[in-house]
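Colleague: Chain by chain, the residues:
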Amino acid sequence: DTGVSQNPRHKITKRGQNVTFRCDPISEHNRLYWYRQTLGQGPEFLTYFQNEAQLEKSRLLSDRFSAERPKGSFSTLEIQRTEQGDSAMYLCASSLGGTRGPQETQYFGPGTRLLVL
Amino acid sequence: GQQVMQIPQYQHVQEGEDFTTYCNSSTTLSNIQWYKQRPGGHPVFLIQLVKSGEVKKQKRLTFQFGEAKKNSSLHITATQTTDVGTYFCLRGSTLGRLYFGRGTQLTVWP
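Here the protein sequences come in this chain order: Y and C. The numbering of the first sequence is this note's numbering, which starts it at 1 and goes up by one. The numbering of the second sequence is this note's numbering, which starts it at 1 and goes up by one.
The set of hints was computed from the structure by calculation and includes no laboratory data. One thing to keep in mind: the hints can contain errors.
Said to hold, decoys possible - Ranges between beta-carbon positions, derived for each pair:
no., chain 1, residue 1, chain 2, residue 2, range
1, Y, 59, C, 5, 37 to 43 Å
2, C, 28, Y, 7, 38 to 44 Å
3, C, 20, Y, 41, 19 to 25 Å
4, C, 110, Y, 41, 26 to 32 Å
To be verified - 25 Å max Cα-Cα, derived DMTMM-like pairs, lysine to aspartate or glutamate:
no., chain 1, residue 1, chain 2, residue 2
5, C, 36, C, 67
6, C, 56, Y, 104
7, C, 51, Y, 86
8, C, 59, Y, 104
9, C, 36, C, 83
10, C, 36, C, 18
11, C, 70, Y, 44
12, Y, 57, Y, 44
13, C, 36, Y, 63
14, C, 36, Y, 28
15, C, 36, Y, 24
16, Y, 11, Y, 86
17, C, 69, Y, 44
To be verified - Which stretches of chain C does chain Y cover? Using the computed rule of at least three CB atoms under 8 Å from a CB of chain Y, they are:
no., stretch
18, 40-46
19, 97-110
No experiment lies behind these values; they were computed from the predicted model shown. C-beta: ideal position from N, C-alpha, C; glycine also.
Please model the entire structure based on the sequences and the hints provided.
Modeller: Here it is, written out as C-alpha cells:
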C-alpha cells in the first residue's frame with residue numbers, strides 16, 4: 001500500500017501519560033500535516049512540515065504537543081501529560097508541495113483515535 | 001478571520017433529491033478545495049477551484065467558486081446512498097495553515 005499510514009490506529013491512555021503517534025507519508029511527498037478532529041467538527045490544523053522543517057504551528061498546539069520529522073520522511077506527534085480534552089482523532093496528511101500557488105491535494109491517513117481516560 | 005463558514009451542518013434527503021452545501025469566507029480566497037469523509041473514514045480529496053466564477057463537474061457533483069472568490073458550493077444532483085458522508089471545504093492561507101469548514105453531514109434515506 002503506497003498511501004499514508006498511521007500507527008497506532010487506536011490508543012487508550014490514562015490522564016497524565018505521554019503518547020506518541022507515527023505517520024508515514026507517501027514517499028515522494030515533501031509536505032506533511034497534522035490535524036485533530038473531534039466529533040462533528042472539521043479537521044483542525046495543528047502543524048505542518050516541509051521536508052524536515054516545521055514551518056507552521058497552530059496555537060492549538062500547546063507546549064504539551066510536539067511534532068518532529070527528523071529525516072523529512074515519517075513524522076511523530078507526541079502529547080505529554082495527556083488530558084481528557086485531548087481525546088480526538090489525530091489525522092496526518094501528506095502532499096507534494098511546489099512553488100507558491102494553489103495549495104496542493106492532501107492525502108490523508110486513516111488517523112489515530114486517542115481516548116484519554 | 002481566516003475561518004470558512006460552512007452550511008448547513010446537517011442535511012437529510014431522500015434518495016433522488018438534490019443536495020447543496022455552501023462555504024463562505026469574509027476574505028477573498030486564493031483557492032478552495034472540497035473533501036468527502038465517509039462515516040468512520042478519512043477525508044478524501046474531491047476537487048480544487050482556483051478561478052473566479054469557476055464551475056467544475058464530476059458526474060452528479062457540481063462545484064462552483066463565486067465571482068468574488070469568497071464563497072463556494074457543492075451541489076449533488078439526484079443523491080444516492082453512496083453519497084452519504086460529510087463534505088468539507090478547505091481554504092489555505094499565505095502562512096501555510098489550512099482551514100477546514102465544519103462540514104455538512106449528508107444522510108440519504110433509501
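Colleague: Hint by hint, say whether it matches the structure.
Modeller: Tested hints:
1. A hinted range of 37 to 43 Å for the beta carbons of residue 59/Y and residue 5/C is inconsistent with their spacing of about 20 Å.
2. Between residue 28/C and residue 7/Y the beta carbon distance is about 40 Å. The supplied range of 38 to 44 Å therefore holds.
3. Here the CB-CB span from residue 20/C to residue 41/Y is close to 21 Å, well matched to the stated 19 to 25 Å.
4. The hinted window of 26 to 32 Å between residue 110/C and residue 41/Y holds, with their beta carbons roughly 28 Å apart.
5. The suggested pairing of residue 36/C with residue 67/C holds, with an alpha-carbon distance near 24 Å, which does not exceed 25 Å.
6. Pair hint residue 56/C plus residue 104/Y holds up; C-alpha atoms about 17 Å apart against a cutoff of 25 Å.
7. As the CA atoms of residue 51/C and residue 86/Y are separated by approximately 38 Å, the hinted pair breaks the 25 Å bound.
8. Pair hint residue 59/C plus residue 104/Y holds up; C-alpha atoms about 23 Å apart against a cutoff of 25 Å.
9. Only pairs whose Cα atoms come within 25 Å are accepted, and residue 36/C paired with residue 83/C is accepted, the gap being roughly 9 Å.
10. This hinted pair checks out: residue 36/C and residue 18/C have alpha carbons roughly 17 Å apart, not beyond 25 Å.
11. Under the criterion of a C-alpha separation no larger than 25 Å, the hint pairing residue 70/C with residue 44/Y is consistent with the structure, at around 20 Å.
12. About 11 Å separates the Cα atoms of residue 57/Y and residue 44/Y, which keeps this hinted pair within 25 Å; it holds.
13. The straight-line distance between the Cα atoms of residue 36/C and residue 63/Y is roughly 32 Å, outside the 25 Å bound, and the hint therefore fails.
14. Distance check on the hinted pair: residue 36/C and residue 28/Y sit about 24 Å apart at the alpha-carbon level, within 25 Å; holds.
15. Annotation: proposed proximity of residue 36/C to residue 24/Y holds, straight-line Cα distance about 22 Å (limit 25 Å).
16. About 12 Å separates the Cα atoms of residue 11/Y and residue 86/Y, which keeps this hinted pair within 25 Å; it holds.
17. A hinted pair counts as satisfied when its Cα atoms are at most 25 Å apart, and residue 69/C with residue 44/Y qualifies at roughly 22 Å.
18. Restraint check on the stretch 40-46 of chain C versus chain Y: 5 residues with Cβ-Cβ distances below 8 Å, three needed, restraint holds.
19. Taking a C-beta to C-beta cut-off of 8 Å, the stretch 97-110 of chain C contributes 8 residues in contact with chain Y, enough for the three needed, and the coverage statement holds.
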